[in-house]
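K.L.:
Here are the chains, one letter per residue:
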Amino acid sequence: MIPLWPSTIASLDDSLTLLSDSLEKLKAAKPVNITEVIEQLKTAAEAARNLRALVSAEMPEATWQDRAELDVLIAEIQKRIEARHIEELRARLLALAAELERGTITHRRAVRVTQLNQLRDAAAKELRAQAAAPGKPQVLPGPEPDEWLEWACGLQEPNDTESLQTLRKEFARLDDFVANLEPNMWAIKKEILV
Amino acid sequence: MSSIWPSAIGSLDDSLALPYESVGKLKAANPVNIEEIIQQLEAAAESGSKLRASISAELPDASWQNREELQAVIAKIQKLEEARRIEQLRSRLLAVATDLERGNIVHRRAARVTELNQFREQAIKELLTQGGVEGEPPTLPGPEADQWVEWACGLQEPEDSDSLETLRQTFPQLDNFIANLEPDMWKPETPPEASLQNAQDAEERKKAIEERRSRLSALATELERGSIVHHRVLRVNELNYLRDQAIKELRSQAKLPSGPKTLPGPEADQWIEWACSLREPQDAEALQTLRKGFARLDDFIASLEPNMWKAAGPPPQTSPDEGRAADQPRQERAASETTAFEGYVAPSRPIPINLKGAKPSGGRDKPRVQLSRDGSAVSELEAEPVTTPGNGTPSRSDEEIQRMQARERELLSRIRSVVAEPARSFDHRIGRRGTAKASSAPPAIAEEQAEPEAIAAAVSASATAAVMAPEPVKAAITTQTLPRTTPVRVVPDEEDQPSVTAKASSAIGSARAAVSGTWTEFATDIRDGGVGAIWQGKWRMPVVGATVLVLVLVALGAVYWVHRARASNNPVKAAETAAVTPSNPASTGSVQPAISTDAVSAAPASAVKPQADKQAKPKDQAKEQNAAAKAPEPAPQPATQPVSAVDAALRLPQPVPRSNAPAANKEIAKEEPAPPNGATGVAGSVPGGLPASSVINVVKDLSAAEPRIATQKVSVSSGVAQGMLVHRVAPQYPAQAKQARLQGTVVLQAVIGKDGSVTSVHALRGNPVLTQAAIDAVKQWRYKPYALNGEPVEADTQISVTFSPQ
Chain F
1 MIPLWPSTIA SLDDSLTLLS DSLEKLKAAK PVNITEVIEQ LKTAAEAARN
51 LRALVSAEMP EATWQDRAEL DVLIAEIQKR IEARHIEELR ARLLALAAEL
101 ERGTITHRRA VRVTQLNQLR DAAAKELRAQ AAAPGKPQVL PGPEPDEWLE
151 WACGLQEPND TESLQTLRKE FARLDDFVAN LEPNMWAIKK EILV
Chain X
1 MSSIWPSAIG SLDDSLALPY ESVGKLKAAN PVNIEEIIQQ LEAAAESGSK
51 LRASISAELP DASWQNREEL QAVIAKIQKL EEARRIEQLR SRLLAVATDL
101 ERGNIVHRRA ARVTELNQFR EQAIKELLTQ GGVEGEPPTL PGPEADQWVE
151 WACGLQEPED SDSLETLRQT FPQLDNFIAN LEPDMWKPET PPEASLQNAQ
201 DAEERKKAIE ERRSRLSALA TELERGSIVH HRVLRVNELN YLRDQAIKEL
251 RSQAKLPSGP KTLPGPEADQ WIEWACSLRE PQDAEALQTL RKGFARLDDF
301 IASLEPNMWK AAGPPPQTSP DEGRAADQPR QERAASETTA FEGYVAPSRP
351 IPINLKGAKP SGGRDKPRVQ LSRDGSAVSE LEAEPVTTPG NGTPSRSDEE
401 IQRMQARERE LLSRIRSVVA EPARSFDHRI GRRGTAKASS APPAIAEEQA
451 EPEAIAAAVS ASATAAVMAP EPVKAAITTQ TLPRTTPVRV VPDEEDQPSV
501 TAKASSAIGS ARAAVSGTWT EFATDIRDGG VGAIWQGKWR MPVVGATVLV
551 LVLVALGAVY WVHRARASNN PVKAAETAAV TPSNPASTGS VQPAISTDAV
601 SAAPASAVKP QADKQAKPKD QAKEQNAAAK APEPAPQPAT QPVSAVDAAL
651 RLPQPVPRSN APAANKEIAK EEPAPPNGAT GVAGSVPGGL PASSVINVVK
701 DLSAAEPRIA TQKVSVSSGV AQGMLVHRVA PQYPAQAKQA RLQGTVVLQA
751 VIGKDGSVTS VHALRGNPVL TQAAIDAVKQ WRYKPYALNG EPVEADTQIS
801 VTFSPQ
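Heads up: the protein sequence lines correspond to chains F and X, in order. Heads up: the first sequence begins at 1 in our numbering, then just goes up one per residue. Heads up: the second sequence begins at 1 in our numbering, then just goes up one per residue.
Please note that the accuracy of each hint is not assured.
What the hints assert, rightly or not - The calculated DSBU-like cross-link candidates involving lysine-lysine, where the alpha carbons are at most 30 angstroms apart (straight line), are:
1. LYS30/F x LYS79/X
2. LYS125/X x LYS79/X
3. LYS261/X x LYS25/F
4. LYS207/X x LYS187/X
5. LYS261/X x LYS784/X
6. LYS79/X x LYS50/X
7. LYS784/X x LYS30/F
8. LYS248/X x LYS42/F
9. LYS261/X x LYS206/X
10. LYS79/X x LYS206/X
11. LYS50/X x LYS76/X
12. LYS187/X x LYS206/X
13. LYS292/X x LYS255/X
14. LYS27/F x LYS310/X
15. LYS187/X x LYS255/X
16. LYS310/X x LYS125/X
17. LYS30/F x LYS754/X
18. LYS125/X x LYS27/F
19. LYS738/X x LYS754/X
20. LYS27/F x LYS79/X
21. LYS125/X x LYS76/X
22. LYS125/X x LYS207/X
23. LYS125/X x LYS25/F
24. LYS248/X x LYS784/X
25. LYS261/X x LYS187/X
26. LYS738/X x LYS248/X
27. LYS125/F x LYS169/F
28. LYS784/X x LYS754/X
29. LYS292/X x LYS261/X
30. LYS255/X x LYS25/F
Keep in mind the hints are simulated off the structure, nothing from the lab.
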């Protein structure tokens, strides 16, 4: 979820609450600090303007008349943002699987290279299975896929226990491959653009 | 509801409408015109401030936290305002009612005024009733109270149909009054502040007040200078009392700082004539004004008949000083008196003269002795309407009186010649007794009445005793014979007194000597020739004449008693008669002769002077001188000794030059019944006449006179008594009478004691059921003690108590 939404809406609601209190005092003919009320009004107007900008950013064609319609619109925008987020997670898993398949394992011993290739295939299969699973996929810790094996081979216990723990728990095959792979054993085939 | 609250609340709410709408827009993140909202917020703040100020003005201690509490506060204020508005409606109704009450209706027709006044009363009652109803009173259309009548009188149909319809439906009585009232009939009372709006008004007002003051003062002076004449002294004194009260009232009114009330009628010199001619109902308005503003003056005028008042003529040169204006007439009067005594100049009006032998009063209530045009003094006791200048023709009554006087003189001269000799020795004896102790003289005379010289002795003794009696006794005689409300002012007449006294004494001595000589001769003839000698020779005619005279007077006495009996049926006349007649019936016979002398007893010594001179000189002067030389004179009279009332009584009858005087004298004589003891005195004798029996009875009553004064009771009219009433207790309406709705008047005869309490009371007439309640109430009443000669005396009066279920 975009952090700007709640803060913007909260700012609007807070300023409107203060303004409403002042208006109630005015309605009861009670004395108020009119300058303060005007400031509250300006703050509320600014918050409203920000909210309108956010909505317009998500849904430029969106229109509404009141707070209820605005709330519906905001809910729709939030749904859209969530779906987008899941897709991004899936795409990341698939991108890492493709990265694993594209690299080459080098070692002085052929048995070891075969063993590591089997682990690589199992990890790629696990990532593709995770990305194909319904619902929200598991969040793979670490950077983007092209830097992910280097980041993962650099994890050390006990410093990176949390990330290692998540990796072992959600992506067990990927964790086995990364645990057996030394950074110098992995070589990425450079795509030669013709 | 007052308009301030909805407008203030509406203004606030209007100002807040846009901010509230903007808040909704902002909440939906919709765009708003921020500048416009700020303006609205500022307007809302201003409205709120005004609203707070308004609330604070109505309820300074009011407080609230929210709009609901504010609404409650405003509702409370609105209730207060509503109550105030209702109160204002009531106040307006009451103000219009008050304005109606204070204004005056003027119209040429009294009936119309009365009718309009009735309408006005009904309208006032209606306004007061409407103003007193529960809840909201009806709204009276039109302007404020002080302009309301004018506005209402200007309403016209159909232009003002709405107002007229409202008025007709809501205030029918008021509408009726206004419908009958024309604008020029209504005289609203000008509020003092309105009349003082500018200096010119104030000046005119001041001038008007000064005019009113001077008018009242002039009338007071006119009242003071004039004279009241009446043949009844009681009436004269009553009127004098009322006149004094009226004068006091006028002077006190004239001194009022706020200005006196307006006296209706013409100028002062014509005022009394005008006032005496006022009649109801034609002059009801003037009478009402007089009654309201000048109650005492009205009392006086109501009691005064036009012919009783003798104006003093053109006013003298008066000083502008008001204080001196009041005293001037008295000073003038004194000057006139001096002139009248010294030069016998006939004054243009009766002149009051101070008497001797009585206590000073210092007031107006003194017996007035009027000098007739020929200078002879006549007491106001016997005074009557004074003749107009030039009116000297004697009336029929005058002639009768003169005839009677002539007969009396003739008889007296004969008696004088008969009794001259025996009287000499008796005079001597009586003179000594009188000198020693006057009160011892009457018994001695009574013992000797059987003697032949009794009459002469009585004549001489009475004269001597009266002349020589100690001062208290003489005062008793004088006081007894004075009218009941006659405080006599004594001013020692040092200049006139010695000569008058000496001359009167000389005349008396001469008369006494003449009578003594005649009597001696008569006695000698009887002694020598027996009783039969009377019918022979010179004594026949005198004796027959005397007998006839006695019979005539007895007959007159009988006529008087009949008249008196009739008069006693008239309560007012009976009351007046009772004032002259002593209340003790047992003493009537002895007192009446004393009263018969009062006609002359009130005359001043100076008045005796000419009469004594006149009667002594023409006929018997030489004889008197001889008799005086032969007869031993009683003790010499001191030159300064005042001549008493009885001295004056000894003067011989002589004509009274005033035209109406005999009538007055006759009137007094009528009030005096003949002595029941058959005394030979001439009861009711003419003024100046000398009834022997009168003198005898005077002497007989000398000892009784003094105590009688102490127990003297006078009769006062119910009007006078009412004026003396200081504490009145309302009678309790008897339950029985109330149930039976009995009503009526109970007339009571009451005696007011010297202390002002009602000492005795009994019913004369009235419903017996109501009588006791009236008596019970009247017994608790308190009066101002009635004073005679400055001394409180008992007063007999009639009191009417009216019972009405209303």
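K.L.:
Each of the hints needs a verdict: does it hold here or not?
P.N.:
Okay, the hints, checked on the actual structure:
1. Restraint check: the Cα-Cα separation between LYS30/F and LYS79/X comes to about 22 angstroms, which is no more than 30 angstroms; the hinted pair holds.
2. Restraint check for LYS125/X and LYS79/X: the C-alpha separation of about 29 angstroms stays at or below 30 angstroms, so the hint holds.
3. Annotation: proposed proximity of LYS261/X to LYS25/F is violated, straight-line Cα distance about 67 angstroms (limit 30 angstroms).
4. A C-alpha spacing of about 21 angstroms is found between LYS207/X and LYS187/X, which places the hinted pair at or below 30 angstroms, so the restraint holds.
5. Straight-line distance between C-alpha atoms of LYS261/X and LYS784/X comes to about 28 angstroms, which keeps the hinted pair within the 30 angstroms bound.
6. A hinted pair counts as satisfied when its Cα atoms are at most 30 angstroms apart, and LYS79/X with LYS50/X qualifies at roughly 20 angstroms.
7. A C-alpha spacing of about 75 angstroms is found between LYS784/X and LYS30/F, which places the hinted pair above 30 angstroms, so the restraint is violated.
8. With a C-alpha separation of about 91 angstroms, the suggested pair LYS248/X and LYS42/F falls outside the 30 angstroms cut-off, and the hint is violated.
9. Restraint check: the Cα-Cα separation between LYS261/X and LYS206/X comes to about 13 angstroms, which is no more than 30 angstroms; the hinted pair holds.
10. At most 30 angstroms may separate the alpha-carbon atoms for a hinted pair to count; LYS79/X and LYS206/X exceed this at roughly 49 angstroms.
11. For the hint pairing LYS50/X with LYS76/X, the CA-to-CA distance comes to about 18 angstroms; that is within 30 angstroms, so the pair holds.
12. Between LYS187/X and LYS206/X the CA atoms are separated by roughly 21 angstroms; this keeps the pair inside 30 angstroms, and the hint holds.
13. About 18 angstroms separates the Cα atoms of LYS292/X and LYS255/X, which keeps this hinted pair within 30 angstroms; it holds.
14. In summary, the hint linking LYS27/F to LYS310/X is not supported, as the alpha carbons are separated by about 91 angstroms, beyond the 30 angstroms threshold.
15. Distance restraint check for LYS187/X and LYS255/X: the Cα-Cα separation of roughly 27 angstroms lies within the 30 angstroms cut-off, and the hinted pair is therefore satisfied.
16. This hinted pair does not check out: LYS310/X and LYS125/X have alpha carbons roughly 48 angstroms apart, beyond 30 angstroms.
17. A C-alpha spacing of about 82 angstroms is found between LYS30/F and LYS754/X, which places the hinted pair above 30 angstroms, so the restraint is violated.
18. The suggested pairing of LYS125/X with LYS27/F is violated, with an alpha-carbon distance near 50 angstroms, which exceeds 30 angstroms.
19. Restraint check for LYS738/X and LYS754/X: the C-alpha separation of about 35 angstroms exceeds 30 angstroms, so the hint is violated.
20. A C-alpha spacing of about 22 angstroms is found between LYS27/F and LYS79/X, which places the hinted pair at or below 30 angstroms, so the restraint holds.
21. Proximity of LYS125/X to LYS76/X is assessed by CA-CA distance (about 34 angstroms); at most 30 angstroms being required, the pair is judged violated.
22. About 38 angstroms separates the Cα atoms of LYS125/X and LYS207/X, which puts this hinted pair outside 30 angstroms; it is violated.
23. For the given pair, LYS125/X sits about 53 angstroms from LYS25/F by alpha-carbon distance, which is inconsistent with the 30 angstroms threshold.
24. The hinted pair formed by LYS248/X and LYS784/X meets the criterion: a straight-line CA distance of about 18 angstroms does not exceed 30 angstroms.
25. For a cut-off of 30 angstroms, the pair hint linking LYS261/X to LYS187/X stands: about 17 angstroms separates their Cα positions.
26. A threshold of 30 angstroms between alpha carbons decides the hint, and for LYS738/X with LYS248/X the separation of about 43 angstroms lies outside it, so the pair is violated.
27. Restraint check for LYS125/F and LYS169/F: the C-alpha separation of about 16 angstroms stays at or below 30 angstroms, so the hint holds.
28. Distance restraint check for LYS784/X and LYS754/X: the Cα-Cα separation of roughly 9 angstroms lies within the 30 angstroms cut-off, and the hinted pair is therefore satisfied.
29. Annotation: proposed proximity of LYS292/X to LYS261/X holds, straight-line Cα distance about 10 angstroms (limit 30 angstroms).
30. As the CA atoms of LYS255/X and LYS25/F are separated by approximately 69 angstroms, the hinted pair breaks the 30 angstroms bound.
Hint violations for this structure: numbers 3, 7, 8, 10, 14, 16, 17, 18, 19, 21, 22, 23, 26, 30, all remaining hints satisfied.
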